[in-house]
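Okay, here's what each chain looks like letter by letter:
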Amino acid sequence: MRCDDYRDRLTARLDGELSEHDTRAMDAHADACDACRALRDDHRLQRERWRTAWRETAPAGLRQELLAAAPPAPDRRRTAVRWLPWAAAAALVLMLLPRLRHPAPERPAPFSEPCNLVVEEAVGAERTLVLPGRLL
Amino acid sequence: MTITIQDRTAPRTDDAFARLVDRDLDRVWRFLRSLVRDPDLARDLCHDTFLRLRRALAEGRVRRLEDGLPNAGYVFAAARRAAYDHGRRRRDVVPLDAAADARADGTPHGDLERGQLGHALDAALNALDDDHRAVFVLSELEGLRYEEIAEALGLPAGTVASRKHAAVHHLRRTLEGMGHAL
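Same order as they appear, the protein sequences are chains A and B.
Read in order, the letters of the first sequence correspond to residues 1 to 136 in the working numbering.
Read in order, the letters of the second sequence correspond to residues 137 to 318 in the working numbering.
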């Protein structure tokens with residue numbers, strides 16, 4: 001491992017976010033390299049100082065305010081939204097169930113031949129009737 | 137005749153909520169203060185955050201529990217949403233200098249104990265953009281794992297890692313420039 005690689009991954013190493021294999025490689029490099037070992041120790045010390053300086057507590061009384069606050073009413077809108085997909089799925093199943101149990105019979109042709117003739121005659125008669133000024 | 141329906145989950149929720157407040161109030165407070173940089177607003181957002189968490193506990197909406205409590209990622213995600221919703225409602229930015237001045241004047245939040253490095257750290261954090269600051273605070277100062285931060289901030293873990301790396305180097309340079317090198 002090169003020193004550049006060590007520096008790039010030092011933060012993740014100190015955060016405990018590297019794999020076991022990578023952690024071992026990093027530590028082996030630090031054991032062998034004075035500069036990188038010093039950098040690691042420097043980062044560790046810096047973090048301790050930052051965390052010490054950061055230790056601010058919440059304002060006095062805030063804890064009691066939170067505990068004394070009335071329990072919140074249930075969020076009915078959220079509850080409704082949570083149930084909506086299930087309700088939709090149930091409705092879909094109810095709609096499809098009869099079709100699955102009793103498939104629709106195959107439909108016959110829309111009209112038998114005599115019916116088609118009647119329709120054609122009717123359409124022809126209508127055309128005849130609407131011709132302006134001739135056969136009315 | 138009056139029929140009273142007793143909510144059997146209420147005492148259990150109250151107990152879990154009290155433990156949650158004890159466990160997380162201080163760190164949620166620090167996180168929110170670093171996000172909005174105004175102690176009064178951070179206090180309001182703490183109320184909002186814990187109200188959300190209490191409701192989630194009562195409604196059984198917390199999926200991953202640790203010892204009966206929401207994990208850190210869930211808690212900080214609630215805090216972040218509270219701050220985000222507030223920003224969306226107000227559409228304003230807390231004046232950084234005013235908030236910093238208020239702390240320098242001595243707000244009753246333990247500032248006197250934090251010392252010079254605490255104030256320098258605040259100033260250096262204020263120089264970071266919101267995304268890097270949130271990652272830095274949760275990881276370097278509060279000790280959350282990248283996975284938890286990813287959940288809290290809605291980011292991929294790889295993005296958390298790269299932002300953390302950049303933020304640490306930025307903070308070190310800034311604090312060195314302010315005379316706080318090791």
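The set of hints was computed from the structure by calculation and includes no laboratory data.
As the structure is a prediction and not an experimental result, all values here were calculated from the model.
Just to be clear, a hint being listed does not mean it is correct.
[To be verified] Computed footprint of chain A on chain B, listed as stretches where at least three residues anywhere in the stretch have a Cβ under 8 Å from a Cβ of chain A:
1. 173 to 182
2. 204 to 218
3. 264 to 271
[As the list claims (entries may be wrong)] Here are some chain A residues pointing at chain B (derived, C-beta under 8 Å):
4. H29
5. A38
6. R40
7. W54
8. R63
All residues carry an ideal CB built from backbone N, CA and C; glycine is no exception.
Hints, verified against the model:
no.: 1; hint: 173 to 182; verdict: holds (count 3)
no.: 2; hint: 204 to 218; verdict: violated (count 0)
no.: 3; hint: 264 to 271; verdict: violated (count 0)
no.: 4; hint: H29; verdict: violated, 17 Å
no.: 5; hint: A38; verdict: violated, 11 Å
no.: 6; hint: R40; verdict: violated, 13 Å
no.: 7; hint: W54; verdict: holds, 5 Å
no.: 8; hint: R63; verdict: holds, 6 Å
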